[in-house]
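Peer 1: Residue numbers (our numbering), protein chains in the order written: chain A, 1 to 235; chain B, 236 to 510.
Check each hint, because a few of them may be wrong.
Listed below are the simulated DMTMM-like cross-link pairs for lysine to aspartate or glutamate, each with C-alpha atoms no more than 20 Å apart in a straight line [what the hints assert, rightly or not]:
no., chain 1, residue 1, chain 2, residue 2
1, B, K323, B, D313
2, A, K7, B, D438
3, A, K217, B, D498
4, B, K394, B, E451
5, A, K73, B, D438
6, A, K73, A, D57
7, A, K217, B, E488
8, B, K357, B, D398
9, A, K14, A, E65
10, B, K394, B, E446
11, B, K323, B, D438
12, A, K136, A, E148
13, A, K73, B, D313
14, B, K376, B, E402
15, A, K193, A, E28
16, A, K217, B, D487
17, A, K14, B, D503
18, A, K14, A, E3
None of these hints come from the bench; they were simulated from the model.
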Amino acid sequence: MLEHTVKSYEEELKLLDSKIAQMGGLAERQLTEAFDALEKRDPRLAERVIAGDAAIDSIEHELQEHVVTIIAKRQPMAIDLRQIMGVLSISGDLERVGDLAKNMAKRALAIAPESHPKPIITGLNHMVELASSQLKDALDAYAARDAERALSVWHADSKLDNLYNSIFRELLTHMMEDPRNIGLSTHLLFGAKNIERVGDHTTNIAETIHFLVTGRKLIDDRPKGDRTSSTLIKG
Amino acid sequence: MQQLDAGSVQVLTSLKSSTAQTIGEPKIVARDVSVYYGEKQALFDVDVNVPRNSVMAFIGPSGCGKSTFLRCINRMNDTIPIARVEGKIAIDGQDIDDPELDVVELRARVGMVFQKPNPFPKSIYENVAYGPRIHGLARNKADLDRIVETSLQRAGLLKEVKDRLQEPGTGLSGGQQQRLCIARAIATSPDIILMDEPCSALDPIATARVEELIDELRQTLTIIIVTHSMQQAARVSQRTAFFHLGVLVEEDETSTIFTNPSDQRTQDYITGRFG
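Bound-form chain B, shown alone:
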């Protein structure tokens, strides 16, 4: 087991203390965010505020830039050599491009769940324990056990797996694997979770479980979900943003977007009229 790294604990603690913001302030503020892949511009001057303890859905046709923007929020685009991000994104008022900010810590704070469940080829226990361990969040084995248990519990998976924590995570069903990935994401106590089509590979029951989980998690977390299902966006989110051709066309309360959107392009997309 990796030794506790006093330095990283300190950084993390300072990050955590900066989260004590007033409730009314947005959790995430993005201004003039543009993304280029080589010469090609994929995202154009996106401005958006994401309120804390809420779910925001990103919708739009394939290639509209919604996932590209999602990946800016935990600087995942840094890992793509030809990608270039312009503009500012701040979480709790802190610029995520601040040179003093450790990107590894940023990603512990901003968890991510992907379209295809991608558990590590390790045990269920190890899948969840990995993050807290490398970030030095557990003082000892008992502490780590507690984090694993709580995370599985919050992900609604504990009951189903508590007697087989040492079995491989890849042996679970698709829906269980996705909840394991969510447990893994919440194990590092993030305050934001980014979900990129988390239910597109799941059956309706597994989808319902994940949606129920999203609703519970938003009591303490801020969640952004990219989805191709209008119904899912309507069910789980409080606000919805519609992207088209790399532009954030419209962002509003979810109930407004789905009953009376302001922009014709939004209306055409959500009603299935896109040309």
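Okay, chain A solo, but in the shape it has when bound:
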């Protein structure tokens, strides 16, 4: 694509992209480290993740200020307009990913003294790997302005939903086996839910990228994979 006649405008838009890349990198790291803290029952790592969320929030604020200034100065049009609206939306999603990682780190801290059921942790590990690779794909799709890649991220969320559904069932079983497991299991269940929500934010990001690149909205016919809200265990 041609560059803007006004060089400083070009630089302002590039700055938005580099901030998104930076924010996305931080969010990805927070997510994996929050899980590491949980898996390794490492309270110090958990504390660090909790403290690290502020950095993501502050990039979001910077981005919001940049966007407001660009709108006031440049009155962006067409692809530029879609980019800056996309940046606002993506930064909101990344900020939420950061919050979810922080929440998981808090739970890691709460349950660090207790021993964790191995199969559940293995399941959560799969979820985190999938969620962070999806997030990375989405961020790469943003950097490359690749609508096709965004679309494949968008379709892939169902895998994460399926993993979540199976962890949900396993945890229910675990709780029924022994009521003393309920406290720990509830934390792990929320942890799994957090990762599943990261997938939903990644899906939002993919939708935003698709709109940014093509100017067309994705029609939301994606199958919703999280079936836990309609699941009931009968005693």
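Given chain A, put chain B in place with the hints provided.
Peer 2: Just chain B now, kept in the frame of chain A:
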């Protein structure tokens, strides 16, 4: 005062009756319009439909042909000896090159407002009264007074000038002069107004007044505005046409042009990337 010319009233009446068309039909239809200035071709095969009671913006870099095309619609290019226009333009289905059509009546029906406010060196009253008078639109003085008052009112100028109608139009501020020119254009009850960068010499407040006026006028008129301000095009128009190097590149709903244009050249122009 000029005598009422019964003949011209009749022509005008027949023109007016032909405007009773169905709402869905375009007001202006242009097909394969090309313009040459001597050997040089300035406009290439322009096809466009302008819907009635709407505002269409023409945008594009200087020399892209947008003003040239605008001037075809009321045959203003006829006044340039070396200009040659090909193709067809019809207003309400009537060919504007029809030999039976009086070009003076055409221009009464298709008003024009220019970049620089150009009031006649006469009183405010006379500026507005001139058109209706030469076209024989007023039966008597009271009728003419009424036309002047209504036109100034519609142009949003009456309040500011009603106590000094006999003062020269050139004594008004730039923004007021431009609204006076709009009042003059609407005094002959046109159904189309062509505006060639009407706000480029005005300050933001005067610009806002003219834009507000355009929005009101489009309830009853069809307006085409040539503008270099993307924001103005986005604010006032329902459809936008982008011209480049004498070619109509893209024409679509204004919201589409400014958020998701189809042609790369349009995108490059409106985002400020033109090479």
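Peer 1: Does each hint fit the structure? Answer for all of them.
Peer 2: A quick look at each hint next to the structure:
A threshold of 20 Å between alpha carbons decides the hint, and for K323 (chain B) with D313 (chain B) the separation of about 14 Å falls inside it, so the pair holds. About 27 Å separates the Cα atoms of K7 (chain A) and D438 (chain B), which puts this hinted pair outside 20 Å; it is violated. Taken as a hint, the K217 (chain A) and D498 (chain B) pair is honoured in the structure, with Cα atoms around 19 Å apart against an allowance of 20 Å. A C-alpha spacing of about 17 Å is found between K394 (chain B) and E451 (chain B), which places the hinted pair at or below 20 Å, so the restraint holds.
A hinted pair counts as satisfied when its Cα atoms are at most 20 Å apart, and K73 (chain A) with D438 (chain B) qualifies at roughly 18 Å. Pair hint K73 (chain A) plus D57 (chain A) does not hold up; C-alpha atoms about 25 Å apart against a cutoff of 20 Å. Proximity of K217 (chain A) to E488 (chain B) is assessed by CA-CA distance (about 17 Å); at most 20 Å being required, the pair is judged to hold. Distance hint between K357 (chain B) and D398 (chain B) is fulfilled; the C-alpha atoms sit about 16 Å from each other, no more than 20 Å.
Using a Cα cut-off of 20 Å, the hinted pair K14 (chain A) and E65 (chain A) holds, with the two alpha carbons roughly 15 Å apart. About 18 Å separates the Cα atoms of K394 (chain B) and E446 (chain B), which keeps this hinted pair within 20 Å; it holds. Of the pairs offered as hints, the one joining K323 (chain B) and D438 (chain B) is violated, with about 38 Å between alpha carbons and a cut-off of 20 Å exceeded. At most 20 Å may separate the alpha-carbon atoms for a hinted pair to count; K136 (chain A) and E148 (chain A) meet this at roughly 15 Å.
Proposed proximity of K73 (chain A) and D313 (chain B) is contradicted: the alpha carbons are some 42 Å apart, above 20 Å. The straight-line distance between the Cα atoms of K376 (chain B) and E402 (chain B) is roughly 19 Å, inside the 20 Å bound, and the hint therefore holds. For the given pair, K193 (chain A) sits about 17 Å from E28 (chain A) by alpha-carbon distance, which is consistent with the 20 Å threshold. A hinted pair counts as satisfied when its Cα atoms are at most 20 Å apart, and K217 (chain A) with D487 (chain B) qualifies at roughly 19 Å.
For the proposed pair K14 (chain A) and D503 (chain B), the alpha carbon gap of about 17 Å is at most 20 Å, so the pair holds. With a C-alpha separation of about 11 Å, the suggested pairing of K14 (chain A) with E3 (chain A) holds against the 20 Å cut-off.
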